[in-house]
Every structure is written in C-alpha cells, then in structure tokens.
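Q: These are the residues of each chain, in order.
Number of protein chains: 2
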Amino acid sequence: MINIEKKTEVIKLNKPVYIMSSAAVGATKEKEGPLGDYFDITNDDVKFGEKTFEAAESEMQRLALNTALKKAKIHHKELNAVLAGDLLNQCVSSIYGLIEFDVPFIGLFGACSTMSESIALGSVLIDSGHFSKLAAVTSSHFCSAERQFRFPLEYGGQRTPTSQWTVTGSGAAILSDTSADTGKPQITEVLFGKMIDKGIVDISNMGAAMAPAAVDTILKYFRETGENPADFDIIATGDLGVEGKRIVENLLLSEDLDIREKYNDCGLMIYDCEKQDVHAGGSGCGCSASVLCGYFMKKFEIGEYKNILFVSTGALMSAGSAMQGNSIPGIAHLVRIQKM
Amino acid sequence: MINIEKKTEVIKLNKPVYIMSSAAVGATKEKEGPLGDYFDITNDDVKFGEKTFEAAESEMQRLALNTALKKAKIHHKELNAVLAGDLLNQCVSSIYGLIEFDVPFIGLFGACSTMSESIALGSVLIDSGHFSKLAAVTSSHFCSAERQFRFPLEYGGQRTPTSQWTVTGSGAAILSDTSADTGKPQITEVLFGKMIDKGIVDISNMGAAMAPAAVDTILKYFRETGENPADFDIIATGDLGVEGKRIVENLLLSEDLDIREKYNDCGLMIYDCEKQDVHAGGSGCGCSASVLCGYFMKKFEIGEYKNILFVSTGALMSAGSAMQGNSIPGIAHLVRIQKM
Chain A
1 MINIEKKTEV IKLNKPVYIM SSAAVGATKE KEGPLGDYFD ITNDDVKFGE
51 KTFEAAESEM QRLALNTALK KAKIHHKELN AVLAGDLLNQ CVSSIYGLIE
101 FDVPFIGLFG ACSTMSESIA LGSVLIDSGH FSKLAAVTSS HFCSAERQFR
151 FPLEYGGQRT PTSQWTVTGS GAAILSDTSA DTGKPQITEV LFGKMIDKGI
201 VDISNMGAAM APAAVDTILK YFRETGENPA DFDIIATGDL GVEGKRIVEN
251 LLLSEDLDIR EKYNDCGLMI YDCEKQDVHA GGSGCGCSAS VLCGYFMKKF
301 EIGEYKNILF VSTGALMSAG SAMQGNSIPG IAHLVRIQKM
Chain B
1 MINIEKKTEV IKLNKPVYIM SSAAVGATKE KEGPLGDYFD ITNDDVKFGE
51 KTFEAAESEM QRLALNTALK KAKIHHKELN AVLAGDLLNQ CVSSIYGLIE
101 FDVPFIGLFG ACSTMSESIA LGSVLIDSGH FSKLAAVTSS HFCSAERQFR
151 FPLEYGGQRT PTSQWTVTGS GAAILSDTSA DTGKPQITEV LFGKMIDKGI
201 VDISNMGAAM APAAVDTILK YFRETGENPA DFDIIATGDL GVEGKRIVEN
251 LLLSEDLDIR EKYNDCGLMI YDCEKQDVHA GGSGCGCSAS VLCGYFMKKF
301 EIGEYKNILF VSTGALMSAG SAMQGNSIPG IAHLVRIQKM
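In order, the protein sequences belong to chains A and B. In terms of the working numbering, the first sequence opens at residue 1 and continues consecutively. In terms of the working numbering, the second sequence opens at residue 1 and continues consecutively.
Note that these hints are calculated values from the structure, not bench results. Be a bit skeptical, because a hint or two may be false.
[What the hints assert, rightly or not] Restraint ranges, calculated between C-beta atoms of paired labels, are given here:
#1 Glu154(A) x Lys12(B): 53 to 61 Å
#2 Asp256(B) x Lys51(A): 40 to 48 Å
#3 Gly49(B) x Ser179(A): 51 to 59 Å
#4 Glu227(A) x Lys70(B): 35 to 43 Å
#5 Asp277(A) x Glu32(B): 56 to 64 Å
#6 Asp45(B) x Gln158(A): 36 to 44 Å
#7 Arg159(A) x Lys77(B): 35 to 43 Å
#8 Ser254(B) x Gly199(A): 51 to 59 Å
#9 Ala319(B) x Asp277(A): 31 to 39 Å
#10 Ser204(A) x Lys12(B): 44 to 52 Å
[To be verified] Stretch by stretch, here's where chain B covers chain A in the computed footprint (C-beta under 8 Å, at least three residues):
#11 85–91
#12 101–109
#13 118–126
#14 193–205
#15 316–328
[Unchecked claim] Looking from chain A toward chain B, a few residues come up when the C-beta cut is under 7 Å (computed):
#16 Val10
#17 Ile11
#18 Thr52
#19 Ala81
#20 His130
All residues carry an ideal CB built from backbone N, CA and C; glycine is no exception.
The shape of chain A in the complex, shown without the other chains (with noise of 0.2 Å):
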C-alpha cells in the first residue's frame, strides 16, 4: 500500500494575471436571449457571410479575437500564445478561426469546458514568467454542432425535454501581466477539474453527464480554501442548463455545502428557455465564453462584479463513442476572478 499525501489542487497565482480585455460575438438567438446586449458583434447571418456553418464558427473566433485584440490596443503580435480549441473534430475552428494570427498555438481539447481551461492555463502559464500575454478563445455552432454530435437539421427531429440548445458564439479574452492593466479584472485562483464518468449514455442530457464534474471541482475549491459561497458575486457553471443545475444543487446540498444564493448556469442566462423554446438550456464552448466574455466581464467594468468562480463544464464524448456504447464522462475546470 502506497503511502500518499493528499496535495491542495487549487492554485494561487502568484502574481497578478488580468483580464486585459474579452469580446462576445453571436447570432440572432443569442442577441434576442435575456444577455443580448452585452454581445460585442452579432450576426443575423447564422452563416457569417460565409459558405458553410464551420467556415461561420471559426469566423465567429476571428472576429472575437480581432475585437479583444482592438479593445486591448494591442497588436497580435504582442501575443505570446493563443490557446484555444472547441467541439468540431479536430478543432477545425479554432484552426481556420486564428491561422491569420501569426502567434504561436496551443490546441486544447476541454469541449464545453473550454473557456476556463483555456484560462486557467494561461493564467499558470503568465505566472511562469515565460509568457507576458495571450489569448484564450472558443466557439460553438447550433448548425454545426447539430450537424456533427445529433441530426442533419433538415431531418426536423424532435428534441427531447433534456436536450439543450447549443449556443452559436464565441469568447476571446486577452490575458496580461501588464501592470498598466490594474484595475482590470484578475484571475487569482484557478482549479483543474477531474474526469468524472457516473455512467450516464443519454447523448440527449448533458446537464446530467456532467454535474457530478462541476460538483467535484466546487467542492473541492469550498473545501480547500474555507471561502464562504456569499462572499461571491456569482458562482457561474457552464451550461448545466435545468437539468444539471439542479443536480449541481442537490448534490452540494447532500455534501452540506449551500451555494443556491450565489449560484447560477450560463446555459439558463444566456437565453429565456420558455419564449426561445430552447427546452434545458444553451450548451456549447461558446455558451459560458460568451457569457463570460460579454456579461460578466461588463458586470466588473461597471462595478457590480467584484469576486466570481466561473467553471466551465465539458461532456466528453464524440458521436462515435456514444454509437459504441460509451458512458459520457463529465469535466469542470474553475477560474476565481476578483477586482480589487
């Protein structure tokens, strides 16, 4: 039997990483939901002017990173890295989205948990020294997740009470080191989530596949560093949508930690699932990013955000994996954002 010490997995950043800038873009769907106004670009062309629905997606990341970029006033080449991926095979995107950008990449895989990983990462990597700026960005597409996960869309199949809407949108955010950036959002802590599988197979409820994911990792966060859930403005999960946001509370509840107050998903925010008939909720890596990217980052420009948990959470499965009979293993990664 090996002897093994317990190690903390939250990690303190040692030095001040801001959020230098964000932008949200995103269609018609999204600019008609509840956060439509905070979207920096939206596009009534679902196919952003181009000829097929992934060409549109990795025009949605170009155009996310071209506007932080601009917010910023910086030029992409002030870049160190991008980090970025997404839910199309092989993060195609991401590729055709930021191959204009002549920086180096660093391709992650997080699915919907994209935005956090990708931040929380680059976050670690600022921290290093080694790097002095970089981009973190994601994207989903109704059609073309529809088209690769689920049913050709012109088949019209009914969707299921649990099925959620995936979000076409995308988040960039431009993370620094700069001390010209005080005032700025920082992230301070971050938490890289754990695989866990609980045997769900429904490919149709997602929210199910990955609570016990989000559940872990806030946990775990509540419970390595003592922080009280009240002392948070928001505590936002990705895109839980009915289903899954209610298995987050109740299975939190179980574990004696209470944080319905302060808790909300960013797949039940970004859309009034009644009126836009999106049944659970939105979905997808450009869910909790634009989320992220458009409302919460315009929460803390005018003060009314001071300290959030943002955790992204991914299903990890491909279509093929699911037609073999495999179980739909969940991840939650967590990023804390303060102003000070």
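Go by the hints and put chain B onto chain A.
A: Coordinates of chain B only, in the frame set by chain A:
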C-alpha cells in the same frame, strides 16, 4: 502603424524539469520495425483485447501511463495533472484511456504534434512552481485513424506513394521537478510553434503539409539561440516521412541552415519503409511519442544521447474540413532534452 518589439519565443526553463520515466506501447508492425526492441509493451492483437479499434487505442494509453508510473515507482495520485490528447474526434482515446486515473485532466489538441506540445506545456507548468509531477500521454491507431480520416479498411483502397502509415502506438512520459531525479534527462528549452499553411490540400501528403511548420520552428530555434546543429545527438521531427523530411532539408538549406548530419524523422525511424510497405513512413500522434518514450529515452539511459531536439509535427485538419476544400495547416512544437 504599430511598432512591435520582436520578442524571443524560445523559452529557457528556470529550473530542472526531469523526465522521470517513460513508456512506449505498440503493435505487431511496430514490434517488427527497426525500433521494435525499444517498446515496453507490444501486442500482436491489434485490438488489445478490446471490442473496437477506438477502445484498443484507449487501452494503449492506459498501458503506457501505467507502465511509466510503475517505472517511476509512483502512484497516479502523486501526479498533479495529466496532459493528453489524440487524433480521434473529441480526443476520445485519451478520455476513455485515462479516466481511471484519479488526476486532474488537461486536454490538448495538437494532432501529431501532441507529444511535444504536452511535454512543452508540462515543462512550463512545472517551471511555474505550481506543479511537481505531470504525465504527458498520447496515442494513435492505424485502424481507428483509417476509419476516421480515410477509407473503411474493408474497402482495401490503394495508398498513394506519399501516404504515411499511422503508427499503432502510445507514449507516456512522467515529468518531475524532484531533485531525486537528477541524472535523468531534463527538458531545458521549449518553443511553441505557429500554424503554417502553405496551401496543401492533398490529405495523402501530410508530410508536405507539415514540413513548412517544422522549418519555421527549427529555423527560429537556431536563429534565436545561436546553437550549432552539430552539437546535438539528434534533431528529430515527428512524422514527416520521406516527402516531408526532404522538404525540411531543402527549405532549411535555402535559409543557410544545414541540419542534415544530425537530422532524422521519427516516421522514417520507426518502420523499414521498403520492407514494411508503409510508403512514405509512419505518422500519427503515437509515432513521435513512442519513438521518444521508447528509443530516445533508452539512448539517454545508456549514455549515447546527451542533447536532442524533439520536434513533433501536426497536420491540423478534419475529414470534414478537407471535404469542404480547406487546405491543411501544419504545426511543430520543439522541446530540447539534455542529460547533464
């Protein structure tokens, strides 16, 4: 016009990051190749006892990491994180292969550049002081790759002369900052590559697609550091094969950099191209991963190697992106490994 100060991009690590142990897993063709004796595990059952090729690939990752952990005499819970990714849609071989390890998971996508990407990223994470032990893992499988990217095996299609043979293999390396590992090979420098697209659209000529990225990275390394190629025991690219290796040599010569004396490609080392009927050579994430984790690490162990450059190369595309007419960008991340 923005005035941009040109930044150095080669990262020199501040503290020693050791490769504590490594392991390589392969199948029959890899066993029969020139490096067959350097694999830790080979299995003549291409399904590794599993029901599908995809599950076999997962099993290879599990075996590789388990073997590396055993050689390092550590429990998986001592790892601060696992960095992994692969070629399959949504990186499912990493997900299902590594889920049993109760460790934070940082998912990557770098196509066949994943081994050097994961080691480069892991090295900087350890250098940050926030991580002490990490695992870097990847894999590929001939049958799962053919099924996903090319033709059903049953179709028995002819392969073009420039096509490469996806290695059925996996490599895992344990990185550590522990001084007890002094004397082990250590990572001293890393360089994250840029995506380079020279317009190659032939999915049967990945070598040509990836070569310009390898040139960009290798040229930048030597120009920035002023190192002499002759001082390295080997400068190894990932999986460029016959075609890509020749392009790299020629393009570097045109830039007055001659690395030919020390240059080889893992895709040409792992198979006997003539006798084993693999056309232009080996490819896949598992190619450079198993050559590094098997052959190169053994060469360090017996004292033959003291100083190498390891440059895995990736072709960034999906079956869908190729069908939609996109060209294939390449990427190459560089890692310098030395034994002091």
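Q: Which of the stated hints cannot be reconciled with the structure, identified by number in ascending sequence?
A: Checked against the structure, the only hint that fails is number 16, while the rest are satisfied.
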